[in-house]
Amino acid sequence: MLRFVALRLVMALPTLWAVLTLVFVLVRIVPGDPALVILGDQATEQALVALRHRMGLDVPLWDQYLQFMGAVLRGDLGISMVRNRPVWGEVALELTFVGILLGVVMGLPLGVLAAQHRGGWIDAVARWTSLLGLSFPAFISGILMLLLLAVELPWFPVIGNAPFANPPAHFRALVLPALNLGFIMVAYVARVTRSGMLASLSEDYIRTARAKGVPARLVVWRHALRNALIPVVTVVGLYFGILIGNSVLTEIVFNRPGLGKLIVGALNDRDYTMLQGLMVIYALVVVVANLATDLAYGAVDPRIRVR
Amino acid sequence: MGAPKGIAGRALGNRSLMAGVILLLLIIVLAVLAPWISPYDPNDQDAIASLGAPNAEHWFGTDFFGRDVLSRVIWGARVSLFVGAVSTAISMLLGGAIGILSGYVGGRFDQAVMAVMDVLLSFPQLIMGLIIVALLGANLSDLILAIAITAVPPFARVARGPTLSLKERDFVEAGRALGFSNLRIMLVHILPNVLDDLIVMGSLWLATAIRTEASLSFIGLGLPPPTATWGSIIREGFENLLDAPWLAVFPSLAVLLVMLALNMIGDGLRDATDPKAAVS
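In order, the protein sequence lines correspond to chains A and B.
By the numbering used here, the letter at position 220 of the first sequence is numbered 222, and the numbering carries on one by one without gaps.
By the numbering used here, the letter at position 134 of the second sequence is numbered 137, and the numbering carries on one by one without gaps.
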């Protein structure tokens, strides 16, 4: 298993390098002079030159590239040009992870029960949940939730954020945005779990297990689910990118300070370092998610580890 | 069980598929007929009617500038459907071509192309869209291009897979023996076999493209005002959520209806092609 992990880590490196280079190039092609954007039309030529120098934009491109790569390797994403604060300090992935967790915790049992009682009422519930979850753009479900559960029925705060130092308020504020993200994830997970379970429940080894008297609960939740988990792992991994997009929208709707607002702001302000840092983080998260997906395959299905 | 039905027969008998098709057709008709059926000009301002609640004259109420929301929602359908359809078509064409070429040529070339696609896939789709729109600007053709680019890698993958096995098959070998050009083999012999997968993927992607357009214009990076798009109306509604909830709710329902229609069609198609997954 250790060799498998190491091998996958090494294989992820070239991708990571290419991603970083692409980030560097993309950010430089964004039109507009950052110094001009920050200082405005009235700025003197002197002030512009000084700011470009301070931001390291007056050295040749390849030099900027080497500096950027070196800094990323040291784990230093730089200091935001516009906000003058370290980029790392602005990162918040709490919402995304809680969203995934909710999706898996609610989606798996729903999918299993739907497959077990195929055509019954719980199957209908799963089917409609999936259909709605797949249909709702994240900002629309967020706005409707906000209207219903924070404005019409004042159960939750309208602004979805509270300082970490105040745990009850912090978690109460997290509920709606997390539910919003989780709801969409449930749709994906429940759907794949259901079809995976339907396939594995009709396999011969399940009939064998039933025939030799393994309790039904064990057959479903241990024997069948284990095989159905592989496509679920794929889906969770694949939809990580979509989930990040959805958290950007959710943050905007629930007015949470986070990556979503930052990236939109950074694009408007031509904040190169911020944009660069944010994209590195996004790409890193997706690459790590893919890695975790592969490792999860290895954990679920020992046959994959051998190769 | 009656006589076995073909895919077309099962599709016709599938209620969810038919409901989706009817719903989508209805929305397309509304969008096409917008100049004739929308009760007002979508950009006509009326300061006195600012943020008016739904009433007999304005069924969906009015926005901040007193514009009729129903008319704007109807006109918004044109933007959403057009951007979605054209960008999906472009990414299908581009991704399909790249995938078939990459798979057919194989070797180092294939590895390099797929590595590039993997790198592009490493960026969350919405983030990629945001950055490309910022790069290109936000007029109609650039917006379409931005959404299309984000979908090229998945289409390339879908086209490449089957190409890899198809090119080893006897009929391709026979084509080569007869001296057909590579281009002819790819277009006439491989493409038709890949087309089914591309079309199924395209029907799924249409929903994503429409959702991306709405999301971008909700964020404020869509078509510039005063063009009525669903995302931008929802954005205005979101800014006035407490005073004028209808402004956000009606265009939201419109987006939701299109998404439901497309997903019902997608589900129905899947059930029709794979009867094992169906409910009963």
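What the hints contain is simulated information worked out from the structure, not anything from laboratory work.
Just so you know, even glycine gets a beta-carbon here, dropped at the ideal spot from N, CA and C.
Just to be clear, a hint being listed does not mean it is correct.
[To be verified] Simulated DEER-style distance windows between Cβ atoms: (1) LEU9(A) / VAL108(B): 23 to 29 angstroms; (2) ALA22(B) / TRP157(A): 32 to 38 angstroms; (3) VAL27(A) / SER184(B): 31 to 37 angstroms; (4) LEU167(B) / ALA201(A): 20 to 26 angstroms; (5) GLY223(B) / MET13(A): 35 to 41 angstroms.
Can you tell me whether the CB distance of VAL27(A) to SER184(B) sits inside 31 to 37 angstroms? Given a distance of about 36 angstroms, which is inside 31 to 37 angstroms, the answer is holds.
Do the Cβ positions of LEU167(B) and ALA201(A) conform to the proposed distance bound of 20 to 26 angstroms? With Cβ atoms ~25 angstroms apart, the hint holds.
VAL108(B) and LEU9(A) - C-beta distance against the hinted 23 to 29 angstroms: holds, 28 angstroms
Starting from the hint 35 to 41 angstroms, judge whether the C-beta atoms of GLY223(B) and MET13(A) obey it. holds, 39 angstroms
Against the range 32 to 38 angstroms, how does the distance between the Cβ atoms of ALA22(B) and TRP157(A) compare: consistent or not? holds, 34 angstroms
Every hint from the earlier list agrees with this structure, and none is contradicted.
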